[in-house]
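Peer 1: As a plain string of letters, each chain reads:
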Amino acid sequence: MYEINQIKELALFRIDNKLFGIDIVYIQEINKNLSFTKIYDAQDYIKGVLNLRGQIVTVVDLRVKFNRKPASDDDPNRRMIIVNYKDESVGFLVDSVDDIINIESEKLEESVTQMAGVNPDYFAGVYKLDSEIVIILDVEKILDNDEEYTAVA
Amino acid sequence: MTGSERSQQYFDEAREQLEEIERNLLLLEQAEGIDLTIVNEIFRGIHTIKGGADFLGLRQIKELSHAAEDVLDLVRKQKLALTSEGNSTLLVVTDSLKEMLQDPEQSQSVDISRLLQDISVMSESALDDVEVISDAGKEAGMLELGTPSDPDLFHLPLKQCQSFRQDGFSLYILDIEDSKDPQQAQRLEAMLSSLVSIGYIIDSKTTQHDVGEESENSESESTSHGLLHVLYRSVLTRTTTIRYLNLDPRSLHELKDAGVEAPPEIMIDGEGDDALPVADRRLERRANRRRGERRDDAAIEDRRGSGHYADDESAGAEGVYGANYLLDEEAEEIVSAQSFQAATRDDAKTQGSQSIRVNVEILDELMNLVGELVLTRNQLKQNIESGDHVGSGLTAQRLDIVTSELQESIMSTRMQPLGNILGKFHRIIRDMSNQLGKSVNLVLEGEDVELDKTIIENISDPLTHLVRNAIDHGIETPDIRHNSNKHVNATLSITAKQEAGHVVIEIKDDGRGIDVEKIKEKAIDLGILDKSRAEDITEKEILKFIFSPGFSTAKVVTDISGRGVGLDVVFTNISRLGGTIDIDTTVGVGTTFKVALPLTLAIVPSLLISSGGDTFAIPQINLVELVRIPQDQKNRRIEFLGDSAVVRLRDKLLPIVWLDKVLGLNTLRESSDESTNIAVVTAGEFYYGIVVDHFTDSEEIVVKPLGTHLRDCHAYASATILGDGSAALILDINGIAEHVNITNQNELAAEKQTDQDELLQKAKESVGEEKSLLIVENGEEEYFGIELAYVNRIERIRESSIEKMAKKNVIKYRGGVLRIFKLDEAMETQVQTSDEGHVYLIVFYMMGTEVAVMVSNIVDIVDTRENIDNTTFHSAGIAGSTIIMDRITLLVDLFELVKVIDPAMVAGKIQRETKNLNDNKNIIANAGGQTVLVVEDSVFFQDKLSILLEEMNLNVLIAEDGQLGWEKLSENAGLIDLILMDVEMPNMTGLELSRVIRADERFYDIPIIMLTSLAKESDVEEGKKAGATEYLIKMDQEMVRHTVNRYLDKSDALKAGQSNTDNSTGEGDHVRN
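Sequence order for the protein chains is P and X.
Each residue of the first sequence is one higher than the one before, counting from 1 in the working numbering.
Each residue of the second sequence is one higher than the one before, counting from 10001 in the working numbering.
It is worth saying that the hints were derived from the structure and are not from the lab.
Using N, Cα and C, we set each Cβ at its ideal position, and we do this for glycine too.
Watch out, some of these pointers could steer you wrong.
Said to hold, decoys possible - Quick partial rundown of chain X residues pointing at chain P, CB under 8 Å, derived from the structure:
1. 10192
2. 10193
3. 10386
4. 10390
5. 10391
6. 10393
7. 10394
8. 10396
9. 10614
10. 10665
11. 10713
12. 10715
13. 10723
14. 11026
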């Protein structure tokens, strides 16, 4: 279980106007809408692959993963958050990236959040901002869900 | 050299030394006697390691190697014999040292006490050896073997004893009664031959025993029994032997090892300690203690692994041969799992090692090439600065060459010989054989074959698993092998060789093979094989199921800890390396796993293609050829078998798939516009074609792995980065093939092939058959029917052999020239298409000469000719239509067709005929022109018949129905020579008319020819009954003409009488075409 009280900094981004956060420990970089090669016959949330300085990165449309309609390609605010986990980079497509904030631990809460149509395992907890609530994502769970083979050492 | 560099050097060297030592230990074991040179080498190696460790302050390593060194010293001075057990101990020591050298810091705290103990045990026995031997005054190294009752039976050299007991053999002494009693003698014979079948007899001796207080006649008879002691070796355990030979347990003595390295005397299985000399009792106690220890701390291997081999579910299960082998504990020698961990540790080392050995020559070459590169670069700079385009071009070419050579050189530095990983299999097999009580010979071939370092590292695990699998489940235990007349020693061979861009590694065992039927069943049970497919599925496809995840029902073997076992992982790993794996097996004979790997992982020559607007790469190793089908041939060359498409390529049928459909891309092509581009690829044994939009380029691309999320994609295995920086996917040819189920298609295609040929054969045989209709294809999907009754022959020719002579299509045929008629010459039909350049000629007689009609394809031969519709489709050459196989089939009137196409030809002929007729007319003239009454309600046929008859210079009277027909006949009685009548008519049918005519005595013998489109047997019967002379098919004009002539001639002859017969010219039977 992902320990959210370890989080020091959180990157905030929006999907469908809801605010989400990822521990920056996982984040390699955040890019503007990079062009990528589409793949059609993988799982529906996999949009394609892209070349990131020589590495092939799988592009995941978080909107689709959260059961929302896929984003339009023209949205100028769309961003790609390159996440690093288990020696692999995956790019999350999000609607927009808001900010990177320092965490005050009292505002962290491990409550179970529900979001329509989304696997509750993806959420590790919440962070209370003054105006809004940030849903903290469990990156490991989101990425692990797809792996059918355990990595051979 | 700094301190740490120096220690690094020590570690590297020490590691190499240990490898060498391990190899030598294994060699030693296999050798017959003691090879002192090898022992000395080992000794020196250990000595070096000890020295270095001492210098670097690595205490534990030093101590352990010191102990090993001492023992080896004894061995090389021949004070100690190195047994199998001793060898094992030393191997374990080697492993420990390796481990400690991996992590020197940790090594300080490793507990080596037990190892030291084991070693000291070895040495102790050495001293004992010396003791006892000098005591007994025996020849050094001789052993005394016997049973409790007869202790001193055989003398054998120690070495020989040891060698006898290698490979899982045990030594036994069997006591058999040997008396003059014939029955007993027979039993003895039988026993001896049984012994020969289960083992090898070494020696035998007979002793005399006086039987105890038996007979009262002890004075007269000295009943002394002879006892034959047979010393033999066998792999069967004592219990099994007793059962197998039906022995009295007391008669079989097993020579047990006390568990000590070099026992001076072999412990004898017997009635207790009385049999043992004092010295041995000490050994025995120590032995028991050791055995107990071993049992306690050893890991017990669960014998269930990924058992796909025939019937090996668990220990004690009924195998294919129904033998329950493993039921006694004696069979289970429990050996420490350390040896396995050792082997797997080796892998960790190979994977983790950061240094590599490179041949100095290659380095020199690299230096040269880099030099060239520098020069070329300077040159290029100059060219560009001075704006020298031509020079730049040339320099760029040079750059190309140098870069390629550099690439090759660097790749070759990464190449490691396979022997590096194959070597460890000796150890694995040795250990496994001992553990499982099986006897396996390892044969290695191709250790020099080189592969890229990465591939070697990654292939090590899968190969290990395959080897373990083979030994564990494939190879049977010795007694099962023996019972099935196999050599008791199984052979496992690992061969590697290079084959056109691949390295092929084969793991072959002569074990029990894989029962394909069982796999099939299991696959159906697991739901991965549909029952409906079960019929058509090939053996190769069934075997592939073995690689499905979750296929093995057995538990995972625990001591290959965490490396991911199961054949599904093997498959995945090999696939990820870009390789393929195939299985070949025969039950009872053995199994071969064939792994094919690309020579290098990283850079792959490939063909870039585009489909749906995207670019993809096809690796060259999968590519066979490129085919392009021009637009106009497309519809012909691409045929459909059910849902799948095939293309005829050089007389073979190749299944094809459209890439954009497979991948779910947007189809950009307009289907009818352009030519079809097909890349013919191979996936192991299967060939198929991928339809793409364009072939772009041939390039060497760098292979980059895809992320884990894309592992499930069947169509792609990896990706690359194109020149423009975008990512492109590399197609997984195997994956696509499986996904689209191409394998099945290949076989369907093959079937269709034979179908075509069979059809042609059948057609050829059916010529001349009445009531058979040949269905042919002309253009696209237009079916035509031709009555086989008129067909002489069917030929298959190349369309190209048809020539044009004075605007007519002809072909050289049977020494003459054959006129060919094409359907589109007579009617509006699709332009003829041909199947790979072949067309079919339907040859028939037309007015005495052979001609042919050309069609593009033969579809089928059908028998029924019912429901012919005369009215809907009528055109020149088409007599009617019918529905055959749900398609409208136009029935061809061959003669009409020819007439329409070349009236001149027909007219000419008729003219000649008419001329003849006319010539003869004078003869017949006296009788007047003959008259035929045509009774027919269809105007069309009235016309037709009239024309026909008039051409024959006959008078024609027409009546539209039966009633009128009768009237006309009555009016013109005497003038009418022949009646042609239809059957189906209003007012009075042909049958009725016929009856009426016959009823009238005026017309009792007038020829009545009934014409109809139907010609069922029953109709003919009825007609004849009603009085018809002949019953004909209407559209068959030739027949009509022929028949009319025949009957007119007859009657004519009658009428004309005798006077003119001698005027008949000898022009032949011109009217009788």
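Peer 1: Any of the earlier hints contradicted here, and which numbers?
Peer 2: Per hint list: 1, 2, 3, 4, 5, 6, 7, 8, 13, 14 violated.
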